[in-house]
Amino acid sequence: MASRKETGSSSNTGMSSTSGTLDSPVKQIQIEGLVVLKIIKHYQEEGQGSEVVQGVLLGLVVDDRLEITNCFPFPQHTEDDADFDEVQYQMEMMRSLRHVNIDHLHVGWYQSTLYGSFVSRALLDSQFSYQHAIEESVVLIYDPIKTSQGSLSLKAYRLTPKLMEICKEKDFTPEGLKKANIGFEHMFEEVPIVIKNSHLINVLMWELEDKSTVSDKHELLNLSSSNHLEKSLQLLMDRVDDMSQEIVKYNTYSRNLSKQQQQKHQYLQRRQQENAQRQTRGEASLPEEDITKMFKPPQPPPRMDTLLIAGQINNYCQNVKEFTSQNLGKLFMAEALQGHN
Amino acid sequence: FSSLFHHCLSLYHPSISDSYERRNEGASRVIGTILGTIDKHSIEVTNCFSVPHNESEDEVAVDMEFAKNMYELHKRVSPTEVIVGWYATGFDITEHSVLIHEYYSREATNPIHLTVDTALQSGKMNIRAYVSAQMGVPGKTVGVMFTPLSVKYVYYDTERIGVDLLQRIRLATNRTKGLTSDLSQVGGAAARVQDMLATVLAYIEDVLSGKVTADNSVGRFLMDLVNKVPTISAEDFENMLNSNINDLLMVTYLSNLTQAQIALNEKLLLL
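Protein chains in written order, with full-length UniProt numbering: chain X, 1 to 341; chain L, 1 to 271.
By construction, these hints were calculated from the structure, which means they are not laboratory data.
Careful: at least some of the hints might be erroneous.
What the hints assert, rightly or not - Covered stretches of chain X (chain L as the covering partner; in silico rule of three or more C-beta atoms under 8 angstroms from a C-beta of chain L):
1) 128-137
2) 158-169
3) 260-268
4) 321-335
Stated by the list, open to error - As a list, the in silico DSBU-like pairs of lysine-lysine whose alpha-carbon atoms are at most 35 angstroms apart:
5) Lys27(X) - Lys249(X)
6) Lys296(X) - Lys267(L)
7) Lys267(L) - Lys259(X)
8) Lys211(L) - Lys321(X)
9) Lys249(X) - Lys162(X)
10) Lys264(X) - Lys228(L)
11) Lys27(X) - Lys330(X)
12) Lys211(L) - Lys146(X)
13) Lys330(X) - Lys228(L)
14) Lys211(L) - Lys231(X)
15) Lys321(X) - Lys267(L)
16) Lys211(L) - Lys228(L)
17) Lys231(X) - Lys228(L)
18) Lys168(X) - Lys330(X)
19) Lys264(X) - Lys146(X)
20) Lys162(X) - Lys27(X)
Glycine residues also receive a C-beta, built at the ideal position from the N, C-alpha and C atoms.
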């Protein structure tokens with residue numbers, strides 16, 4: 001335990017010195033079983049009605065691994081002075097945990113999601129501020145619906161360095177994004193997760209296996225899929241609608257831009273003609289007026305939302321495909337079962 | 001209280017073990033508060049946190065301020081939880097436990113005391129629960145006796161899945177395991193069912209060959225099992241199967257199409 005404290009403090013100093021580099025220092029995430037169960041429990045208790053439950057991850061960094069050893073949940077934003085409560089709450093929690101020798105190093109945060117819809121502006125902003133402050137931080141996305149279907153769905157994401165740069169400069173125009181050459185696939189990078197238990201907890205698990213009944217629910221082999229599929233597709237359709245709206249906006253913008261170009265061109269031509277005529281008549285030519293003031297360029301629409309929507313759609317599609325492939329497998333198994341009757 | 005449910009056991013027992021592992025040098029055991037909800041005759045334990053304390057031969061000091069603070073913080077997140085008792089690692093109940101128990105009886109009516117044997121004194125990690133009862137001659141020396149309670153473990157569904165995952169990790173070498181995805185999960189679940197079927201089949205073989213006497217209740221369960229496979233005419237089944245497969249294939253096709261569309265959109269924009 002003493003050695004763990006040392007690595008904790010040394011990694012603290014280590015992290016503050018490497019906050020300048022933008023490489024991805026985290027190749028793997030190691031989570032303790034305790035954290036997994038705490039996240040599951042938190043959603044179970046709080047998240048039945050509302051959308052998301054959030055909390056903070058604590059741990060330390062070892063080589064290129066991020067070890068998450070504990071976590072605590074955030075209360076919901078029900079009161080008016082939510083901001084003050086949050087910071088205060090966090091500080092107090094960390095202080096208290098330090099007393100009992102729990103790693104109090106902030107390494108990320110977690111959030112629950114419904115059907116995979118988590119790619120939003122809020123998430124981006126939060127993760128950006130986290131990653132800016134702490135280099136190795138990640139966001140854990142827990143999908144309770146998928147988990148209740150039979151297998152734990154926990155993913156860890158970080159923002160790619162390219163996206164970090166863009167967020168820093170807050171340059172969301174099309175030109176800015178083109179410069180950085182970002183597509184929706186390069187927004188988040190997923191970090192592989194490994195779950196680890198200490199020996200003592202393994203002993204505990206042996207105990208539990210003796211005492212508890214065999215789980216009689218095999219949700220993973222459930223054949224009914226239409227409910228989940230419908231909801232996923234509904235969300236997908238909404239997103240696609242949003243996307244088409246954004247595209248329409250962009251199209252009108254580019255149309256306006258080209259119209260304006262044409263107008264500018266015409267104006268210049270007329271000017272030149274007039275100037276030519278005046279010269280032939282021997283008069284002074286008209287002064288060159290500032291064109292840019294006359295033709296104000298239209299505002300380019302911010303592309304960040306479009307990027308997020310595209311990323312979200314991509315995520316939905318991935319989830320749907322995974323779901324359908326699983327179901328196809330199950331259907332074929334059912335066919336085999338029936339074939340013997 | 002006649003019985004005690006350990007709800008969310010899987011959550012807080014690793015928490016207790018974890019606090020034990022992180023204890024200060026020289027401390028032999030760890031204590032903490034347990035939170036939960038109280039029903040008529042049973043208590044559900046849902047959460048816990050450890051409390052720093054110092055223990056020596058003569059005296060014991062518990063950081064009560066800390067305990068109160070932590071409880072307030074926890075209450076903000078889950079307002080339904082109340083302090084239902086306290087836990088301690090270790091095998092026996094010492095005299096100090098009585099003092100600590102007294103403190104907790106100020107916080108909660110009739111608190112429970114939980115012992116988790118992390119030092120594995122009896123070869124296993126025993127988890128026991130007690131409630132205090134007065135004993136002795138009233139008016140004269142009064143003592144406190146700890147009477148044991150029955151403990152049952154209850155899980156949520158999703159939690160069950162988490163616990164199963166941890167169980168599997170325990171069997172893996174190196175105590176680590178990644179998360180699987182896609183068809184491998186379905187394969188895993190099917191393999192588990194297959195294992196169970198193999199066990200059942202072995203039992204039936206034994207009964208048939210006379211090695212084991214037949215048990216009627218088990219026989220009835222087996223009949224239920226066999227009858228659960230629904231008998232549908234082959235045609236109907238074909239139709240159902242085909243329509244389901246068609247739905248899934250269509251959805252896959254549509255999602256692939258959407259992905260191609262947005263990828264194309266990106267490429268066009270970045271021209």
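Here is what the structure says about each hint:
1. 128-137: Since three or more residues must qualify, the claim that chain L covers the region 128-137 of chain X is violated, with 0 doing so at under 8 angstroms.
2. 158-169: This one is violated; 0 residues, fewer than the three required, reach chain L with a Cβ under 8 angstroms.
3. 260-268: Violated, because only 0 residues of the region 260-268 of chain X bring their Cβ atoms closer than 8 angstroms to Cβ atoms of chain L.
4. 321-335: holds (count 13)
5. Lys27(X) - Lys249(X): 39 angstroms, violated
6. Lys296(X) - Lys267(L): Holds - the C-alpha atoms of Lys267(L) and Lys296(X) are around 28 angstroms apart, at most 35 angstroms.
7. Lys267(L) - Lys259(X): 24 angstroms, holds
8. Lys211(L) - Lys321(X): 49 angstroms, violated
9. Lys249(X) - Lys162(X): The given pair, whose Cα atoms are some 25 angstroms apart, holds under the 35 angstroms limit.
10. Lys264(X) - Lys228(L): 78 angstroms, violated
11. Lys27(X) - Lys330(X): 34 angstroms, holds
12. Lys211(L) - Lys146(X): Violated, at about 44 angstroms.
13. Lys330(X) - Lys228(L): 17 angstroms, holds
14. Lys211(L) - Lys231(X): 53 angstroms, violated
15. Lys321(X) - Lys267(L): Holds, at about 23 angstroms.
16. Lys211(L) - Lys228(L): OK: Lys211(L) and Lys228(L) at ~28 angstroms, within 35 angstroms.
17. Lys231(X) - Lys228(L): With a Cα-Cα distance of about 29 angstroms, the restraint between Lys231(X) and Lys228(L) holds, given a limit of 35 angstroms.
18. Lys168(X) - Lys330(X): 46 angstroms, violated
19. Lys264(X) - Lys146(X): This hinted pair is violated, its Cα atoms lying about 56 angstroms apart.
20. Lys162(X) - Lys27(X): Holds, because 17 angstroms separates the two Cα atoms, which is no more than 35 angstroms.
Violation of the numbered hints given earlier is confined to hints 1, 2, 3, 5, 8, 10, 12, 14, 18 and 19; the remaining hints are satisfied by the structure.
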